[in-house]
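Colleague: Position chain F against the provided structure of chain P, taking the given hints into account.
The chain contents come next:
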Amino acid sequence: MREGDDFDAFYANTSRRMVGQVYAMVGSLTDAEDAVQEAYSRAWQRWSKIQQYGDPEGWVRTVAYRIAVSAWRKAANRLVAHRRHGVADDVPGTSADQLALAHALKQIPADQRRAIVLFHLVGLSVAEIAAETGSPTGTVKARLARGRKALAGHVSEFADDESTAGGREAQHA
Amino acid sequence: MPEQFEQFEQFADETSDTPQFDNQLAGLATMAGGAAQMKTMDAIRKRGAQRAMRHKTVGAVLSVGILGALALGAVQFTQQGDGRRVLPAGRTASNVPASLSSSPAASVSVTAPATPSNSAATVNSPSATSSTSGDPGAPVIPGGDVDTVVRNTWPAVDQLPFHTRYAWSVKGNWLPVQSTQDRQWFYSCRSSDTLSHLGANGYQSLVYKATAHTAETESAEVVQFFFKDDAAAERGLERIQADFTACSGKSYGDMETNETLKNTVTKTASTADGVAYLHTLRRADGTGGSAANTDSDSHMYFVRSSNVVSMLYIGSSATAIDATTQDAATLSGLAALLCAYSGTC
Numbered sequence: 001m002r003e004g005d006d007f008d009a010f011y012a013n014t015s016r017r018m019v020g021q022v023y024a025m026v027g028s029l030t031d032a033e034d035a036v037q038e039a040y041s042r043a044w045q046r047w048s049k050i051q052q053y054g055d056p057e058g059w060v061r062t063v064a065y066r067i068a069v070s071a072w073r074k075a076a077n078r079l080v081a082h083r084r085h086g087v088a089d090d091v092p093g094t095s096a097d098q099l100a101l102a103h104a105l106k107q108i109p110a111d112q113r114r115a116i117v118l119f120h121l122v123g124l125s126v127a128e129i130a131a132e133t134g135s136p137t138g139t140v141k142a143r144l145a146r147g148r149k150a151l152a153g154h155v156s157e158f159a160d161d162e163s164t165a166g167g168r169e170a171q172h173a
Numbered sequence: 001m002p003e004q005f006e007q008f009e010q011f012a013d014e015t016s017d018t019p020q021f022d023n024q025l026a027g028l029a030t031m032a033g034g035a036a037q038m039k040t041m042d043a044i045r046k047r048g049a050q051r052a053m054r055h056k057t058v059g060a061v062l063s064v065g066i067l068g069a070l071a072l073g074a075v076q077f078t079q080q081g082d083g084r085r086v087l088p089a090g091r092t093a094s095n096v097p098a099s100l101s102s103s104p105a106a107s108v109s110v111t112a113p114a115t116p117s118n119s120a121a122t123v124n125s126p127s128a129t130s131s132t133s134g135d136p137g138a139p140v141i142p143g144g145d146v147d148t149v150v151r152n153t154w155p156a157v158d159q160l161p162f163h164t165r166y167a168w169s170v171k172g173n174w175l176p177v178q179s180t181q182d183r184q185w186f187y188s189c190r191s192s193d194t195l196s197h198l199g200a201n202g203y204q205s206l207v208y209k210a211t212a213h214t215a216e217t218e219s220a221e222v223v224q225f226f227f228k229d230d231a232a233a234e235r236g237l238e239r240i241q242a243d244f245t246a247c248s249g250k251s252y253g254d255m256e257t258n259e260t261l262k263n264t265v266t267k268t269a270s271t272a273d274g275v276a277y278l279h280t281l282r283r284a285d286g287t288g289g290s291a292a293n294t295d296s297d298s299h300m301y302f303v304r305s306s307n308v309v310s311m312l313y314i315g316s317s318a319t320a321i322d323a324t325t326q327d328a329a330t331l332s333g334l335a336a337l338l339c340a341y342s343g344t345c
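Chains as they are written, first to last, in the working numbering: chain P, 1 to 173; chain F, 1 to 345.
Treat the hints with care, since some could be wrong.
[Unchecked claim] Pairs of lysine-lysine, DSBU-like flavour, derived with a Cα cap of 30 Å: (1) F:209 with F:262; (2) P:149 with F:46; (3) F:267 with P:149; (4) F:39 with P:106; (5) F:267 with F:250; (6) P:49 with F:209; (7) P:106 with P:149; (8) F:262 with F:250; (9) P:49 with F:39; (10) F:267 with F:228; (11) F:46 with P:49; (12) F:209 with F:267; (13) F:228 with P:49.
[As the list claims (entries may be wrong)] Computed Cβ-Cβ distance ranges for the label pairs, DEER-style: (14) P:110 with F:199: 37 to 47 Å; (15) P:13 with F:212: 28 to 38 Å; (16) F:319 with P:53: 50 to 60 Å; (17) P:13 with F:179: 20 to 30 Å; (18) P:5 with F:251: 55 to 65 Å; (19) P:96 with F:284: 44 to 54 Å; (20) F:242 with P:95: 41 to 51 Å; (21) F:22 with P:54: 37 to 47 Å; (22) P:53 with F:22: 25 to 35 Å.
[Said to hold, decoys possible] What the simulated footprint calls covered on chain P by chain F, stretch by stretch (three residues with Cβ under 8 Å from a Cβ of chain F suffice, anywhere in the stretch; the number is not a length): (23) 9 to 17; (24) 106 to 115; (25) 125 to 136.
Think of the hints as simulated: they come from the structure by calculation, not from any bench.
Keep in mind it's a predicted model, so treat the numbers as computed, not measured.
In this text, a Cβ means the ideal position worked out from N, Cα and C, and glycines have one as well.
Pulled out of the complex, with its shape left as it was, chain P reads as follows:
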């Protein structure tokens, strides 16, 4: 298989999943689309190196996230989105529950949202999230715990965690 074919297969197999993951992290489909496509174009430039990494998808995700949170690019994309649609972009066809979840995710800090998505959607372990985000494992755990706590009002399963934690605390007291 030629090197180009290899990259084509990588792009075809992962790009839509990647947009979904980055969308969940940043809350804007336009930002996610643009950032992911820019990240893949950077990956293509360095593909001979990146394909040797244990996790090229992780490389693209990290680069895409950084691009998406870049203030300059966000401002530029907002202009593009306004030109295209005139309104902020939601994902078409989402259910009321999914819309509520997307809204709830937008309410929590970006670092916590990223950790929540990497853990619950991408399925990374705490150690892997620590490596991908360049943070110590203790910080990742704290972000996950705070994010779940912040989402407890919107997600019944996290509310269950809250009541369990309260119970634990009562026992300690």
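Modeller: The following block gives chain F in isolation, referenced to the frame of chain P:
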């Protein structure tokens, strides 16, 4: 309930216990991915090519600018009758490029990487770098660079301390991450802008995962910081030591109990170009503390060789990593691995 109460225990088993949330999130992401207007591969390639062209153009413009500035600087030297170059008033040898301040009689050791630094390369043998005597005016080329991976400089799993307990393994194919971008955190006593603070050009990093006693520690990491030359690496190591001196007086709050933790930084071993530290945070009852950016127990080793500083970090929530008897040997072992960079294996 304290504001910062954290539920660390729920992550101990590393599995998600929220299938409904996970499914909803997956559904949302799938909808977003499906709705995305993805460009074709040709468009991605075109975008990459345009980006490469922009970089080349910017590089060319910068090069012209730098050459112009150098030429301007060169004419500021006055040429003496005996051929000596004399600095204008107000300039000292320290603020002049090395290639210009070298004495004509000086011999400069030049270590050339085996492969171009702007291409991906993995080098397995120290002989891939070579030392040669060069022109006195030639710039010194660093022994190690962030773009070239030298496999022999990375410890085998059984060369890491506490291997018997944690059974370290390397995920993937042993290829370190290579980066010139700063990240939030490398070692316990510095939590921001570490690369620029140390003066490093970039780093390579390899994570070793624990496969036993994973509740105590999940991973160890070896990071190699690359500097422009030996002197810069030496200064980098000095700054690391200064960081540890400074943070021994720092106050850490516990995220669960809100108490101020007992902060102890101990230099556990040192060599001419290496130092090891144990950094512990304890609650009043002696148990490990939960600070925001630091494990309760952090054991770190730093060694310098040539223009590279290598760091081994092991963090834990348990005291099993606090043993220091092997620290001197660990420093020597890490330093020995870096010989490929100095060309003196």
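Colleague: Does each hint fit the structure? Answer for all of them.
Modeller: Status of the hints after comparison with the structure:
1. Taking the CA atoms of residue 209 (chain F) and residue 262 (chain F), the gap is near 29 Å; set against the 30 Å cutoff, the hint holds.
2. The suggested pairing of residue 149 (chain P) with residue 46 (chain F) is violated, with an alpha-carbon distance near 44 Å, which exceeds 30 Å.
3. In summary, the hint linking residue 267 (chain F) to residue 149 (chain P) is not supported, as the alpha carbons are separated by about 39 Å, beyond the 30 Å threshold.
4. A C-alpha spacing of about 26 Å is found between residue 39 (chain F) and residue 106 (chain P), which places the hinted pair at or below 30 Å, so the restraint holds.
5. For the given pair, residue 267 (chain F) sits about 16 Å from residue 250 (chain F) by alpha-carbon distance, which is consistent with the 30 Å threshold.
6. Straight-line distance between C-alpha atoms of residue 49 (chain P) and residue 209 (chain F) comes to about 23 Å, which keeps the hinted pair within the 30 Å bound.
7. About 14 Å separates the Cα atoms of residue 106 (chain P) and residue 149 (chain P), which keeps this hinted pair within 30 Å; it holds.
8. Of the supplied pair hints, the one linking residue 262 (chain F) and residue 250 (chain F) holds, its CA atoms being roughly 10 Å apart against a limit of 30 Å.
9. Only pairs whose Cα atoms come within 30 Å are accepted, and residue 49 (chain P) paired with residue 39 (chain F) is accepted, the gap being roughly 23 Å.
10. Distance restraint check for residue 267 (chain F) and residue 228 (chain F): the Cα-Cα separation of roughly 27 Å lies within the 30 Å cut-off, and the hinted pair is therefore satisfied.
11. With a CA separation close to 19 Å, the supplied pair residue 46 (chain F) and residue 49 (chain P) stays within the 30 Å bound.
12. Of the supplied pair hints, the one linking residue 209 (chain F) and residue 267 (chain F) holds, its CA atoms being roughly 25 Å apart against a limit of 30 Å.
13. Using a Cα cut-off of 30 Å, the hinted pair residue 228 (chain F) and residue 49 (chain P) holds, with the two alpha carbons roughly 23 Å apart.
14. Separation of residue 110 (chain P) from residue 199 (chain F) is about 30 Å and departs from the stated range, judged on CB atoms against 37 to 47 Å.
15. Between residue 13 (chain P) and residue 212 (chain F) the Cβ separation comes to about 34 Å, which falls inside the hinted range of 28 to 38 Å.
16. Between residue 319 (chain F) and residue 53 (chain P), the C-beta spacing of about 35 Å breaks the proposed range 50 to 60 Å.
17. The hinted range of 20 to 30 Å is satisfied by residue 13 (chain P) and residue 179 (chain F), whose Cβ atoms lie roughly 25 Å apart.
18. Checked against the hint of 55 to 65 Å, the pair residue 5 (chain P) and residue 251 (chain F) passes, with Cβ atoms roughly 57 Å apart.
19. A hinted range of 44 to 54 Å for the beta carbons of residue 96 (chain P) and residue 284 (chain F) is consistent with their spacing of about 49 Å.
20. Separated by about 56 Å at the C-beta atoms, residue 242 (chain F) and residue 95 (chain P) break the suggested range of 41 to 51 Å.
21. One distance hint, 37 to 47 Å for the beta-carbon pair residue 22 (chain F) and residue 54 (chain P), is violated here, with the actual separation near 24 Å.
22. Distance hint for residue 53 (chain P) and residue 22 (chain F): a CB-CB separation of about 26 Å, consistent with the stated range 25 to 35 Å.
23. With a threshold of 8 Å between beta carbons, the proposed coverage of the segment 9 to 17 of chain P by chain F holds, since 5 of its residues qualify and at least three are required.
24. Restraint check on the segment 106 to 115 of chain P versus chain F: 0 residues with Cβ-Cβ distances below 8 Å, three needed, restraint violated.
25. Chain F is given as covering the segment 125 to 136 of chain P, and this holds because 9 residues of the stretch bring a CB closer than 8 Å to a CB of that chain, at least three being needed.
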